[in-house]
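Protein chains in written order, with numbering that gives the first Met the number 0: chain B, 0 to 232; chain C, 0 to 45; chain Y, 0 to 227; chain E, 0 to 238.
Treat the hints with care, since some could be wrong.
[Unchecked claim] Derived CB-CB ranges, DEER-like:
no.: 1; chain 1: Y; residue 1: D198; chain 2: E; residue 2: L204; range: 36 to 46 Å
no.: 2; chain 1: Y; residue 1: D222; chain 2: B; residue 2: T20; range: 22 to 32 Å
no.: 3; chain 1: Y; residue 1: S23; chain 2: B; residue 2: V209; range: 39 to 49 Å
no.: 4; chain 1: C; residue 1: R30; chain 2: B; residue 2: D13; range: 34 to 44 Å
no.: 5; chain 1: Y; residue 1: W2; chain 2: B; residue 2: H88; range: 28 to 38 Å
Quick caveat, the hints were computed from the structure, so don't treat them as lab data. Ideal Cβ placement from N, Cα and C applies to all residues, glycine included.
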Amino acid sequence: MNGTADVSAIDATDVARRLGTSWVLRGITLRVAPGEVVGLLGANGTGKSTFLRIVATLVRPHAGSLRVCGHDVRTVPARAREAVGYLAHLPGLYDDLTVRENLHFAAAMLDRRRADAEAALVRVGLERAAEQRVRALSSGMQRRLAIARLVLRQPRVALLDEPYSNLDAAGIELMNSLVSEWTGDGVAALIVLHELAPAVGVLDRTVTIVDGRLAPNVHDHQRHAGAMLRVTG
Amino acid sequence: MMSNTTFVIAAFTVTWIALLGYLVHVRRVERRAREALDHATKAGSV
Amino acid sequence: MPWRDEWRRARAIAWKDLTAERRSKAVFNSVIALAITILVLFGFALGPDAQALRDAAPGVIWLAALFAGVLAFNRSYQTEIEGGALDQLVLYPGGRRAIFAGKLMGNFVLVASTLAIVVALGVILFQVDLPAQWLALVAILFFGCVGLVTLGTLYAAMASRSRVREVLLPLLLFPMLVPVLIAAIQATKSLLGGDLMHDAGAWARLLAAYDVIFVAASFLAFDFVIEV
Amino acid sequence: MSTGAIAEPISATRTRGWTIFGWFAFAFLIASQAIAIAISPPDRDMGDLQKIMYVHVPSAWMTMLAPLTVLVFSLKYLWSRREQDDLVAASAAEVAATFAGLTLALGMIWARPTWGIWWTWDARLTSMLVLFLILAGYLAVRAVVDDRDQRAQWSAAVGILGAINVPIVYMSVRWWRTLHQIQSSPSTVAPAYVIGLRLNAFAFLFVMIYFIRRRYDAALTLRAAEHASESAALKGGAA
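Chain B on its own, in the form it takes in the complex:
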């Protein structure tokens, strides 16, 4: 992928989106550099998930412009889509297929080898549950499988919608170690968060949506300071 340093991972200018006649997002301007981890905060219903879905090219902006890894989502959405990995609130899995089958399906769709899928399974600690139907898994385990799909996809931009919800301590640790690993390779991450605590170790900065726009934010942690914060946080 084009890892050139200057092309920002997410370059949004005045992105707006309506729901009927009222504006959910009035004008989001945000720039996320490769390797940067940004937390997206905001009360319920302020459009955090909507913005994430816009960056994921699932939803079109009604106004403003947005480039993902240098690709304009309006003119070349397909190219932008190739760079993106989206961990949604809903797991997006097939209940009647087993864990392994779900991941092999993802591998087929992503043109990856089955060995990569097995490695991803091990990475998220689901190798023992590989033959279980997804229907039988707890929501935490289902989220790990969705994370495995993200590992398989190796996105340039990771869009995580409340990834820590229904994850146990080990799951949170797994998520954070993955994010650190990705950002090391220049992968940018935009994480929608309800509460700061679990992500504080990986966040570079946070932004908050207020009244459809981004309010400048006071918690600007630096990652190395984050380690210290975790002790006290």
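Please build the complex by placing chains C, Y and E on the supplied structure of chain B, with the hints as guidance.
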């Protein structure tokens, strides 16, 4: 023969009812649209 | 070579749909139940007289397939939407036509197997004696099924994501399928009657032309339908 | 994404121009009908029934022409992504449905004295009914979908496939009918009627163009209202 003429009259009447009826429909849509436009521009400028 | 990737993805989607369906049987059971119910109800409606039943058999078989098909098409997208799987499916790189091709193949196997069961049952219930050229009958059933599934899968991609999916899909689909219905029913009728007037061939050609036109048009339209 | 210019409301001068055209169209229609009735020869057996053709046939022709407009502007929309093209297609579809309904009613008024029954599965009448249902499907899609771009794209797809299907439906229905009885088309049009028919066909054409234009202008105004209220809400929010 009388009945044939009634059908011819019926045909022309139905045609005019349909054409004028659609015209009334369009004018109603137009009025609703203009009211919405005035309302919106008034709200915008206030 | 992108074409081969698209084909692999389409096959993966079809495999996924059919495996999930084979295990849960959620859609298949309800579709078969609906089709059989329709057959039986038409039996009552058209009266016990054997000749009346025999004349109506082709029509009833295809109507049962049509209504059962509508149920199957909506359900095939619904399960994806509820689990958030459709979002993930749409986000995979590559063309969206692989999704349509995969869904098409999955739905075809489902509706074709339903049609096979409905035909078998219809032949028994409606005391129909199978014609000599039963192979031509299979060809007609195949072409008719392709038409039904192609437009059903395309329009369900819209209807299943709208508020009134149970109403919108039949309203969109049935008028468009008039040529398939007429051709398939007439061809089946003439074949069951021994194809004396040799018009089954003409109907088969009309069906084949319809399929070619609308498979191509649906593939082109799908990009606009699945997007946004 | 329709990045095209937002459709502005129509200027006053253009409306006056079209209103004049509207008056002309309806005047022309009255004149054409009067002339047609005057010059058509007194009929020996059919009484005056042939005169129903002066409205039935032009209405049927318009019902064929309007979906063609839907096809052309739907294709144009998918190509240009300009909202105006989508709005013209939608207006043409609504007018087409109206003419289809009129043609069906006139077909039944024609069938009653001619064959003694209100409805006959006659090839043209049946195809018209199927076309009416296809148009109803198109209008239903537009009514059900709220997002402007999604509505435009979905109705374009439905419009294009629907229009492609019109000739196929007619062919299949005609084959289906000729299997069962000889084609029951009205007797070939006597030359005296041809002039009347052609005049009325143009009259209907002008009326249809006027209807599509008026409905399109109303849609433009509605779109401008939406645009105004949306940008007001956008600005309002910031205050």
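Here's how the hints hold up against the structure:
{"no.": "1", "hint": "Y/D198 with E/L204: 36 to 46 Å", "in the structure": "holds (38 Å)"}
{"no.": "2", "hint": "Y/D222 with B/T20: 22 to 32 Å", "in the structure": "holds (29 Å)"}
{"no.": "3", "hint": "Y/S23 with B/V209: 39 to 49 Å", "in the structure": "holds (44 Å)"}
{"no.": "4", "hint": "C/R30 with B/D13: 34 to 44 Å", "in the structure": "holds (35 Å)"}
{"no.": "5", "hint": "Y/W2 with B/H88: 28 to 38 Å", "in the structure": "holds (35 Å)"}
Going down the numbered hints, you'll see the structure goes against none, and every one checks out.
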